[in-house]
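Colleague: Those sequence lines, one after another, are chains U and R. The first sequence begins at 3 in the working numbering and counts up by one. The second sequence begins at 1154 in the working numbering and counts up by one.
Fair warning: there could be bad hints in the mix.
With a straight-line cut-off of 20 Å between C-alpha atoms, the simulated EDC-like cross-links for lysine to aspartate or glutamate are [as the list claims (entries may be wrong)]:
1) U:Lys256 / R:Asp1916
2) R:Lys1457 / R:Glu1487
3) U:Lys105 / U:Asp120
4) R:Lys1636 / U:Asp238
5) R:Lys1513 / U:Glu26
6) U:Lys173 / R:Glu1641
7) R:Lys1513 / U:Asp155
8) U:Lys105 / R:Glu1767
9) U:Lys256 / R:Glu1749
10) U:Lys105 / R:Asp1542
11) U:Lys123 / R:Asp1650
12) U:Lys46 / U:Glu4
Which residues of chain U face chain R? A partial, calculated answer using Cβ under 10 Å [stated by the list, open to error]:
13) Pro57
14) Glu69
15) Leu135
If you are wondering where the hints come from, they were derived from the structure by calculation, not from laboratory data. All C-beta atoms in this analysis are idealised placements derived from N, C-alpha and C, irrespective of residue type, glycine included.
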Amino acid sequence: MEDKINDILEKAKSALPAAKTKTEVANIGASITGPNGELTALMKLIPTLDKSARPAAGKLINAAKREIEPLIANAYARIESEEMATALGEKPDISLPTIDIAKGTIHPLTITVRRICDIFKRAGFTVAEATDLETEWFCFDALNTPPDHPARDAQDTLFMPRNTRASNVSKHSDELYILRSHTSSVQIRAMIKEGAPIKILAPGRAFRRDTVDATHSANFHQIEGLYVDRNVKLTDLKSALDYLFKNLFGSSAKTRLRPSFFPFTEPSFEVDFMASDLGRLSDRWIEILGCGMVDPNVLSNVGLDPDTFSGYAFGIGVERIALLMHSIDDIRHFYSNDTRFLKQFAY
Amino acid sequence: MKISLKWLNKYADISDLSADEIAEALPMLGLEVENVETIGLKPLNDVIVGEILSREQHPNADKLGVCMVRVDSVKEPIQIVCGATNYKVGDRVPVALPGAKLPAPDGGVFEIKVSRLRGVESNGMMCSARELGLGTDHSGLLILAERPEIGTPINDVFKDSDTVFEIELTANRGDCLSHIGVAREIAAKFGRKLKKPELKYTPLYSEKPDGALLESVESQTANCPLYTAASIKGVKIAPSPEWLRRDLESVGLRSINNVVDVTNYVLMEYGQPLHAFDASKIRGKKISVRQALDGEKIRTLDGKEHSLTPEATLICDGEGPVALAGIMGGLDSEVTDDTLDVVIESAYFNPGNVRATSRKYAINTDSSYRFARDVDPQSTLEASRRAVDLILETAGGSVCETTCKVGNAPRGDRIVEIAIPYMIDRLGFEISQEDAVKAFESLGFGVSACGEKLSVCVPSFRSEVDRPIDLVEEFVRIYGTEKIPETEMAGTAGLRDDDRLFKYNCAVADFLAARGLNECQNYTLRDSAKISKTHANTEYLKLANPLTSDQDSLRPSLLDGLLDTVLLNISNGNDFYGFFENGKIFRPDAGGEICELAATAFAIAPDPSKRVWEKRGSPDFFTAKEFACDILGVLGIDASRFNFQASREPMWQEGFSAAFGSEKREGFTVRFGAISAAHLRDLGIGRTVYAGEIAFKPEVAGRSKKGSEKFRPFSQFPAASRDVAIIVGNEENAADVESEIRRIAKQKLKGKGFDLESVELFDIYRGKGVGEECKSLAYALSFRSAEKTLQTDEVNGVFDAICAELSKKRKLRAS
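Looking at chain U on its own, in the form it has when it is part of the complex (with noise of 0.2 Å):
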């Protein structure tokens, strides 16, 4: 008995590890530990042997079975992974470029949007959308621009037919359909909507009618801000603006406020900003955008009080931050789509 347990063994040692298959193990570990296997027919026999005999024949066979059932699991697992490595096919050569689909890009001036909108979401404000299409009282009358203002001419703003509808962008009264010629209209319909305290950003297309050169385009991107609030001051507009060119140009940018006009603030003022390492244009005034304290009658227009609250507004051009942000020389770039141009911007 004792010969034939270990002749079993000595089988299983050997033919296991050089199974190629899983059937070839299965069949293998069926012909010993199966019904009908040689270890089985051992076991079959203790009933016949000597009393005495029985209970170390039972052990021999035991420890048998424990020492070949793990070669029965080691060689499919061994099988298993060369079936896995198999699969992998030939090993490539590392060095080779990629061949599927590159990552794409985002445009750059929608991560300068997403620049300048992450940079006040910190500080509490939160976009507003409205839409390009709108009418003459929502861009210039509610916004103090009074109808013979030159920014109301037909030289300069794009004008719809007169007996042009839509159904989606609401008149005042009876006004004419303009494409908006800044995204200023956005603070009207927002401060209409939503009231007051209010603090927002819309950024969005806005339209000029204006011949396309380096630096003109017939339609460009602002950024609207506006925060009106009981008792904002001058002093938070001016704080907004440090924080906003400090946070693009680095901790040494400055501002300064150059005063203008503009109908819907008062006071008005460009803003110039200066920063070290812009190349050429370093450590100089650059003119850069528009901005004031709200104008009492804006205000008026939409329903709020003027003695109550208070507020400021401002426009930021967004093709002109990123032609200083990445040294651009010719706003075109931005419409060509050239992807040797779109894949120099990471965002």
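Go by the hints and put chain R onto chain U.
Modeller: Below, chain R alone, put in the same frame as chain U:
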């Protein structure tokens, strides 16, 4: 507008301020400086008067002389090598000493150094006029015939230099369209006193003229609330004196004759446009101001004839129009060399009316520019008196005692009350009452204080200062914005969140960029002739006043722009996979009503012949479908059960494109597939383009339930799967077959305690055993119970019943 520094000095003592100081101060007052130009000699250091003591021939150069030049009455003369020949010993000439920086012809600077010329030391340079920047004469040295003292700085010899500022004004500063106006601002900033010209002529004012040159003057229109006419007899028209001519030329005006020059001079001085009429040409001795008749004609000074509409305001004599009011005089009444008697008009015209008329007839003059920006109605009288004084001075004659004046100034001085605490409130920093009073008074405003309140008298020349907030602006201008203290940015947290459309645009851009597409920005305005080929109802998208025909229309789709982008990048030989854009588009319905939609579009067109070391699958219809459905997913719309219809629009290749939705019903539309081959050929794109566009009403972005999904428990028990293959016609949609399976399964599962979890198409077969014009669709049906492991019998029971029902109408294929 040009402002001369010399001229400014007449009205405020600012001679100690450099041109640079003024050029820096003006923008901070709100007057933008576009350009600074020096007339005459620029300030030059180390250029002085020298006397040539001797000249020797240069030992090594025939054309050069070696001169000894005295440049200091005490020190030794210096040796200078010189190539000029027009001088003689004893001449005095400008000498640039080492260190002097002369203007170089290229606009830069040429620095003088000690040098050796052909072996001989030269310690400076004797200069020609051109070398000093004085004109173009370079024929020889500039001989100083007046023989100024040796060592005199050259700027003291040529004192006639001036600096001219080109100033750009905002619409609210009509008061600064004059030298007095700008001088007032500078005087205020630097604490100087404004000195206005002394006026000698003190007329009597009367509505009725004295009859000498005029018999009647009237204004019949509200566009001319104030009209004055002063009469001067016996003038002698002649060229202007030198000072007048020079002053006008310094600000870019051409001298014409003494009378006309005076009117222009006063215009530049006071900002009040004047007009000089030859009195003999005023027919009927009558002036009236009125609106034009429809079709009335006038020939203006520039020789052009204009046919007018009633919006234009005219100055007329007894017989007809003589001037377009506030804009330009008529050709028939101008002052000529023979003029003896003149009438000087000084009036106030409505700014809006002048602006509209000047735009309409495209006539821009110094006069219309000023009237359009609201001149000071009070200066009308002052300017007229000043003009009389200067005409009498330069052209002689005698003035009538009476100036005819009809109407009144529409605006006078007014009182605005302001409290110091209010100012502090708006400013955010402390100021004293003294600060405020000082700022207002420096601008010529009258101030009287009553406790914390100031009563500010704003003069008529400031047309737009009417409210306390306007005074706050005036204060900040003069006080100096640089004194606004720096404070920390204050933040507040609120419940308001970013608009959902913005969030969607960010998310979808990130998603598409991660999938290999490049984001684009194309123009909103497109060519109507082109978009009408591929989009419906585009006639309603045309602008009323386009600038160019290639940008005369709103875009109805982002795809046209993206196809431009594809073409450009193919033409430029760029390697790319595809592009996308987020933006607004405009869709008119058949009735012409426009709906502004938000949209995302993509176009995929990698180079099919691109050589790579291992090929991947090319994009196809299902690439486009997946992009489109995934974009809808980002928008929060589940597209998995949409019943897509074949797209029939000319943009798309028939049979290779699909569409779903409508703006009116669902609030969104989606289209995707292959761009029509014919359209691509029109555009000149030589490859297949798979594309798609999702357009939606902006509020759809807000409808998404993303982020607020509720958890649904799922079964812990295994699923049981059964396969069925169904033979259908080639034209039949797989989606229809699937819904039929689902409908039947739902019937057969009623009351069985388990569900059909999924139906998945896993094979499409055409060929043997299926028959012509047919295909076999193989579906895996997966059943599952939430409560138990399903028994084979119960699954088979339902599955067989489903098959039996299906086979009533269709042929099943044995698996």
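Colleague: Compare the structure with each hint and give your call.
Modeller: Comparing the hints with the structure gives:
Restraint check for lysine 256 (chain U) and aspartate 1916 (chain R): not satisfied, since their Cα atoms lie roughly 67 Å apart, outside the 20 Å limit. For a cut-off of 20 Å, the pair hint linking lysine 1457 (chain R) to glutamate 1487 (chain R) stands: about 15 Å separates their Cα positions. Pair hint lysine 105 (chain U) plus aspartate 120 (chain U) does not hold up; C-alpha atoms about 23 Å apart against a cutoff of 20 Å. Between lysine 1636 (chain R) and aspartate 238 (chain U) the alpha-carbon distance is near 14 Å, which keeps this suggested pair within the 20 Å criterion.
Only pairs whose Cα atoms come within 20 Å are accepted, and lysine 1513 (chain R) paired with glutamate 26 (chain U) is rejected, the gap being roughly 99 Å. About 40 Å separates the Cα atoms of lysine 173 (chain U) and glutamate 1641 (chain R), which puts this hinted pair outside 20 Å; it is violated. Under the criterion of a C-alpha separation no larger than 20 Å, the hint pairing lysine 1513 (chain R) with aspartate 155 (chain U) is consistent with the structure, at around 11 Å. This hinted pair checks out: lysine 105 (chain U) and glutamate 1767 (chain R) have alpha carbons roughly 19 Å apart, not beyond 20 Å.
For the proposed pair lysine 256 (chain U) and glutamate 1749 (chain R), the alpha carbon gap of about 40 Å is over 20 Å, so the pair is violated. For a cut-off of 20 Å, the pair hint linking lysine 105 (chain U) to aspartate 1542 (chain R) is broken: about 78 Å separates their Cα positions. As the CA atoms of lysine 123 (chain U) and aspartate 1650 (chain R) are separated by approximately 10 Å, the hinted pair is consistent with the 20 Å bound. Among the hinted pairs, lysine 46 (chain U) with glutamate 4 (chain U) is consistent with the structure: their alpha-carbon atoms are about 15 Å apart, no more than 20 Å.
Checking proline 57 (chain U) against chain R by beta carbon gives a least distance of about 43 Å; that is not within 10 Å, so the hint is violated. At about 36 Å, the closest approach between the beta carbon of glutamate 69 (chain U) and any beta carbon in chain R exceeds 10 Å, and the interface hint on this residue is violated. The beta carbon of leucine 135 (chain U) comes within 5 Å of a beta carbon in chain R, closer than 10 Å, and the hint placing it at the interface holds.
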